[in-house]
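**Q** Next come the chains, spelled out residue by residue.
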Amino acid sequence: MIRMTLRQFRTEGVISFGLLAVLAVVFVVTGPHLAHVNDAFQSACKAAGDCATASNPVLEVDPLLQSALPFIVTVAPALIGLFFGAPLIARELETGTFRLAWTQSITRRRWLAMKLGLVGLAAMAVGGLLTWMVDWWASPLDAVNKNRFDPSNFGFHGVAPIGYAGFAFVLGATAGVLLRRTIPAMGATLVGFVAARLAVEYWVRPHLAPPLHESLSLLSTGFGIVGLSASTSTSSLYPPSVIIPNAWELSTAVVDKSGHALTGQYFFHACSAYRQFPPPSPAAMQAAHAACITKLAGVFRTVATYQPGSRFWPFQWAEMGIFLAVAMALCGLTYWWLRRQYG
Amino acid sequence: MIEFHLDARSGVAPYQQVVQQVRHALRLGLLEVGDQLPTVKEVVTSLAINPNTVLKAYKELEHLGLVAARPGIGIFVTKTLSDDSLAAHGPLRQSLQRWLSQARRAGLDEESIEALFRDVIRSSFSEGERDRRLEGERPRQALRT
Amino acid sequence: MTAVLKANGLGKRYGRKWALSECTLAIPAGKVVGLVGPNGAGKTTLLHLSVGLLPPSTGSISVLGARPGTTSRQLARVGFVAQETPTYAGMSISDHLRLGSWMNPSWDAKLAEDRLARLGLDSHQKAGEISGGQRAQLALTLAVAKRPELLVLDEPIASLDPLARREFLQGLMEVVVEHGASVILSSHLVADLERVCDYLVVLVDSRVQVAGSIEELLATHYRLTGPRRDANALPSDQQVIGESHTDRLSTLVVRTDKPVLDPSWSVEQLDLEDLVLAYMSRALEQDRRPKLEVRP
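Chains as they are written, first to last, in my numbering: chain X, 26 to 368; chain P, 57 to 201; chain H, 43 to 338.
Calculated directly from the structure, the hints in this document are not laboratory data.
Model, not experiment: these values are computed from the prediction.
Stretches of chain H that chain X covers, calculated by requiring three or more beta carbons in the stretch to come under 8 Å of a beta carbon on chain X: (1) 103 to 114; (2) 119 to 132; (3) 139 to 150.
Cβ atoms here follow ideal geometry from the backbone N, Cα and C, with glycine treated the same way.
Start from the sequences and build out the full structure, keeping to the hints where you can.
**A** What follows is the structure in structure tokens.
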């Protein structure tokens, strides 16, 4: 049965590992250069003392790869679900070959376990290898940007993509069994996978552990951006951005001791200089700005809500665990449905 | 070696057809004592018929004393049906051929000849049938037409 | 005598429609069984139930003494060829044989190769490139080479030309003779089955109409022709299967164990096709008549 499964997925397997090999070559060729550029900059800026302000040229190296690779790793699990998962059982149901496969001497349970297990392992291996290669290649960039915990970057680092790949694969197989046709199963898999990824990213991941709060003085952060609409006399406040290296910033707010946010009304009441029209001279504006901040800083503070960088790996393992757990549940569903429909 | 054929539309059971064809061959001297009949497998494979059919036919022939099985070797003819009458076959064949040329010269085609021949046989045999019934035998089922 | 298939009140329902209902059978081993009925009668449903491709909705079925498809051992004893003989179009013939050997512990590789060689099939050709008749032979080889005790074939010759049909049946009969397998094959054409089958099951409108050995069925069914009379006037041991009347003549198809002694009848044997037709007509008649009984 093992050989049978491998034989059936020969084409997909060859293509996937072939593509991986091609990418590996690309990485091996360009990766060391990236690291080298970064190392050179680091030693130069340390000598010059301007590491905080100078711009690191590594961010400009291989711009095509820098934008393409995250995209590839993000898309890879979906592709695995579509091309490994959806046809796994749907193709047999579509062509009628399941009537041949299920009347050999293998029980339904063993047949399903072999198919899901073997190809699932291959899917996760592809996902894991790809992520590991990209992680290795992009490590200089991560060291510079310090933003790998951000939602836009989290999904192509570490071990979470292994969970994504496993889940997408089983989702595809389940859709194939329920819909019995490969193309509709592919569509359903795509929709389901994107929905699951978004749902976990916005509703589950932020709450995996209670976030931390950092309270900062307005004198260091500023009060953010104030927008005033002359025609409607409404105002909007955009909180200042706070940079915590390697952390995942969930939100920032300007609040007083009881937690009330700074409102536009309060701001214009406290800092009347901003309501003057025509606006005062730049010099006067600067003075008014400093006075305003000092005044507000007595009442308000900037509170940043975030997950610290030290939680990056626990969150990775948790995310992988969540997706794999759902995958296992889907395996059970597929088996139950198959037995119910086909005995 | 005799070759069998099966007429699916004759209304005669397949096993009976096999029995009849063996008896037919025996009568015509095509099969002689000591000849081997085809194995069940050979008949089944060439005719695509159920093996039980062949087994039943061979058993019937055995029951009639015409064949005997030699275990491990095959089924062999033990009695011939052609004994006395075979000698008459030659002249009868010739007179039949003369009759056929007569019929053809009279303008009958193959179908008409066959129809005439069958009709005469049937009426001649059913006369014999009526005689047997008058002698108290159990009536046979009506012939299929 | 061991039964190769036993069904008790077996039924299969899709939504509110019953594809098979109240099916009770006890098919003895060592037979070549013909399953006959019009399209949509439930033949494929019954066959799929017997090889474990469908779960029953009610009732029970056991094949070779076990529930179909439940254990590896039971699966190994039954060979199945589905309608349209599905094969993996992109895989070669020898790939299919390898598949068979990987998935069946009782696989006889030599038997499979010999059979294909005799059929003249090129083992490098892909299954999608060969003709329908060749695919049917390949499917039969796959089913036969695991040396099953029972072969189940769903309309294996329906889409074959007459020559391919004959060759398929020849191959099948050879398997029966050589390996002593029981066979259940379905068809909606009776003529195909007459020469190879010795047991008959007639399925019409999801129900078994009659089942029995062909020899016994042909010996107990007669066509009676005679002066016009009421079918109910017949003795009780003569079961009327079908009847038709003109103003002067009655023609009845009856089933009885005893000889017909009434001299006013002209008695004829039926052939298999007439017998099946009689039961099929009866089934349709029963459907058309309004149902008077109240179902509890």
